[in-house]
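**Q** Each chain, letter by letter, is given below.
Protein chains: 2
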Amino acid sequence: MANYEHRKSTAVLKISKADGTPLKNTEVVVKQTRHKFLFGCAEFSVVPFANNELQGEEKEKAEMVFEKFLDLFNFATLPFYWARFEPVKGKPDTLRLKKAADWLVSKGCTVKGHPLCWHTLTAPWLLEMNNQQILDAQLERIRREVSEFAGLIDMWDVINEVVIMPIFNKYDNGITRICKELGRIRLVKEVFAAAIEANPHGIFLINDFNTSVAYEILIEGLLEAGVRIDAIGIQSHMHQGYWGVEKTQEILERFSRFNLPIHFTETTIISGNLMPPEIEDLNDYKVDEWPSTPEGEERQAMEAALHYKTLFAHPKVEAITWWNFVDGEWLNAPSGFITKDGRVKPIYYELYKLIKGEWWTDQVRLITDEHGMVNISGYMGDYEITCQDKKATFALDKTNKFIEITL
Amino acid sequence: MANYEHRKSTAVLKISKADGTPLKNTEVVVKQTRHKFLFGCAEFSVVPFANNELQGEEKEKAEMVFEKFLDLFNFATLPFYWARFEPVKGKPDTLRLKKAADWLVSKGCTVKGHPLCWHTLTAPWLLEMNNQQILDAQLERIRREVSEFAGLIDMWDVINEVVIMPIFNKYDNGITRICKELGRIRLVKEVFAAAIEANPHGIFLINDFNTSVAYEILIEGLLEAGVRIDAIGIQSHMHQGYWGVEKTQEILERFSRFNLPIHFTETTIISGNLMPPEIEDLNDYKVDEWPSTPEGEERQAMEAALHYKTLFAHPKVEAITWWNFVDGEWLNAPSGFITKDGRVKPIYYELYKLIKGEWWTDQVRLITDEHGMVNISGYMGDYEITCQDKKATFALDKTNKFIEITL
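Chains as they are written, first to last, in the numbering used here: chain A, 1 to 407; chain B, 1001 to 1407.
This is chain A alone, in the form it adopts within the complex (with noise of 0.2 Å):
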């Protein structure tokens, strides 16, 4: 039986009324409006949809996506991939962006950046540059993004899959080079550092699919060097196979020993058959149809529940990013939580049913005593008290154990 008494917490609220007297013997109603852990998903076509791009029924159809989005989700990952977001040196898309984050954070959601640093959709105006321009662009590129979305992305995958940085061969690329010179260490140590200069107060992450000691004695070589890492993403692309709930084990309790927080920053469960073991790369897979099956929908809603279960019983991690909300975005694969036709799969309603249902604290009714004060308990994040028609939001923490409220 799994326990997640570490997800939750208790406090007292001490309730005023306006003229400072005791809310006494009173009926209060207390819900949880938010979740503290973070419950995320990638969907980048919010960016035109945020942008009013889309038309008729394709905007129709981003709206129940979204609707249906914001229902289970409180986080959401947003596109930065430098070539894309930079195509032209010096014209970054920087508008769309920021329409895009600042409509996720008008409904509610926390917003990560990803990625600022990999050698993946690099631009490739990089390459007409030497190490130290790569580098000088990197770190400016680094500096300007995350001061100019500082309060709408407060958070950022800041390097994304270092291991295979320096030795990833597949094509030359401004990124691999630079780690090639520098190491993975001071190159890690750089953009981090620029980062953390542009906004002090941000939480960045480093990423990487490389769950194996290697990526693990990375960290370990990071922190030693005294890299501030605030949490350690991992990837869980199940393309080719659910990971299992021993697997999944054995990785959290290697990476918890550093006692930082671990994101699974990039999870996908895939609904139809299953990607051959031989692919190395999962981008070398490439497919014109990959269907999702009545059959792998209900095994995809199954094996999600478990994985998502698994994590949020482990006390380190925090946040769990799905990829992507609708099929057919990366790979092309049946991966989402909608088909591709606008139809929500199994897989929705059972997570639905864990992170707003067994996961959440529902409306309670509650007396006060003659002291105006109820304990409350509950699921961590945030809560909404009313009485009658008057209403005051606390949030329920770890730490914030005694709270006074006026009514």
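One thing to keep in mind: the hints can contain errors.
As the list claims (entries may be wrong) - Derived DSSO-like pairs: lysine-lysine, alpha-carbon spacing no greater than 30 Å straight-line: (1) K1309(B) - K180(A); (2) K1099(B) - K180(A); (3) K8(A) - K99(A); (4) K1316(B) - K189(A); (5) K1189(B) - K180(A); (6) K1247(B) - K309(A); (7) K1036(B) - K1099(B); (8) K1180(B) - K316(A).
Stated by the list, open to error - Some chain A residues judged to face chain B by a derived CB distance under 8 Å, without partners named: (9) L139; (10) V163; (11) G183; (12) I185; (13) V213; (14) I217; (15) G221; (16) E224; (17) A225; (18) R228; (19) D397; (20) N400.
For the record, the hints were derived by calculation from the structure and aren't laboratory data.
Heads up, the beta-carbon is just placed ideally off N, CA and C, and yes, glycines get one too.
Place chain B on chain A using the hints.
**A** Positioned in the frame of chain A, the structure of chain B alone reads:
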């Protein structure tokens, strides 16, 4: 065609007579007496041999074995496995090991001690201690051995198999405990600091069988953390089959980026049936008999020659140690140059042809010019120059380009 030019050097000898005048227009004979490159072997039976513990036939066999050994090798690894070196706390086997080291040094060998810190074969009595006591005992042990043997042994495998050390789970042991608590980098830092403190001029290695990117990243982390590593040790126990040139070169390529000397510290190619590929930890393979076969001996000789050529051709490699000299030592494997019954196997002659043939600057006769000068070109190492009954020695090195000699 392999290129060995980096193994050679040239120098101008200026030869004077005892009275200070040039030795003009005279024939001198120059010959190599020792390789600069370290061609070595682990041969632990030198301990009972040098301590006069062998009798009769056993002693005669050992004499033959060591004659062959010393004719081929200039480098030997002696065992300092803590469990065997100090089975009872406070009673180290120092004297016997000193005699062994002394004997090897008197025969012209450089000696390396192996290993100072390892989770396997570590002192069992560490288990009774708390972690601080274990660490203290480990560092004290390092300081004791390194200082007591200084002058005889100035080269050590300081720490062995760190990649797996904190996650080694076959049995509880003191070293895994402290590595888990401190982390890999801090433990390596401590053990290297203790060794360097005890013998600042020693040559200190890290050593691993893991040749993956994990070991590479560990070394990068250690160097960034300021650990002085004098050489990178790479094991190549090929009981499951020869790596081949491509894999060997790929590993050399990856580890040479640190610009440190590389030592192949434990090289094995067997002359019998290969160990099955499904065995993960070589120690798990236990057989009563593991015969050396005629076909196996031919293959072993051919593959070993190819392996040595590949390594000798790479400028960063400075040492190769075979594991072991006589069949039947570790794992009972037919890994030796000599069979259990004392027969010299083809590998000995094949490597002899390289080490003392193709890569050896044999006796040359040269005539000095009117200033007593003569040019010498050859494989780097120690040389002897004679003129009638007069003799002198010099070293041919990369740096020593003008050498004055009195004959």
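**Q** For each hint, tell me whether it holds in the structure or not.
**A** Here is what the structure says about each hint:
no.: 1; hint: K1309(B) - K180(A); in the structure: holds, 28 Å
no.: 2; hint: K1099(B) - K180(A); in the structure: violated, 47 Å
no.: 3; hint: K8(A) - K99(A); in the structure: violated, 34 Å
no.: 4; hint: K1316(B) - K189(A); in the structure: holds, 28 Å
no.: 5; hint: K1189(B) - K180(A); in the structure: holds, 25 Å
no.: 6; hint: K1247(B) - K309(A); in the structure: violated, 42 Å
no.: 7; hint: K1036(B) - K1099(B); in the structure: holds, 25 Å
no.: 8; hint: K1180(B) - K316(A); in the structure: holds, 18 Å
no.: 9; hint: L139; in the structure: violated, 19 Å
no.: 10; hint: V163; in the structure: holds, 6 Å
no.: 11; hint: G183; in the structure: holds, 5 Å
no.: 12; hint: I185; in the structure: holds, 5 Å
no.: 13; hint: V213; in the structure: holds, 5 Å
no.: 14; hint: I217; in the structure: holds, 5 Å
no.: 15; hint: G221; in the structure: holds, 2 Å
no.: 16; hint: E224; in the structure: holds, 5 Å
no.: 17; hint: A225; in the structure: holds, 5 Å
no.: 18; hint: R228; in the structure: violated, 15 Å
no.: 19; hint: D397; in the structure: violated, 30 Å
no.: 20; hint: N400; in the structure: violated, 33 Å
When each numbered hint is compared with the structure, violations occur for hints 2, 3, 6, 9, 18, 19, 20.
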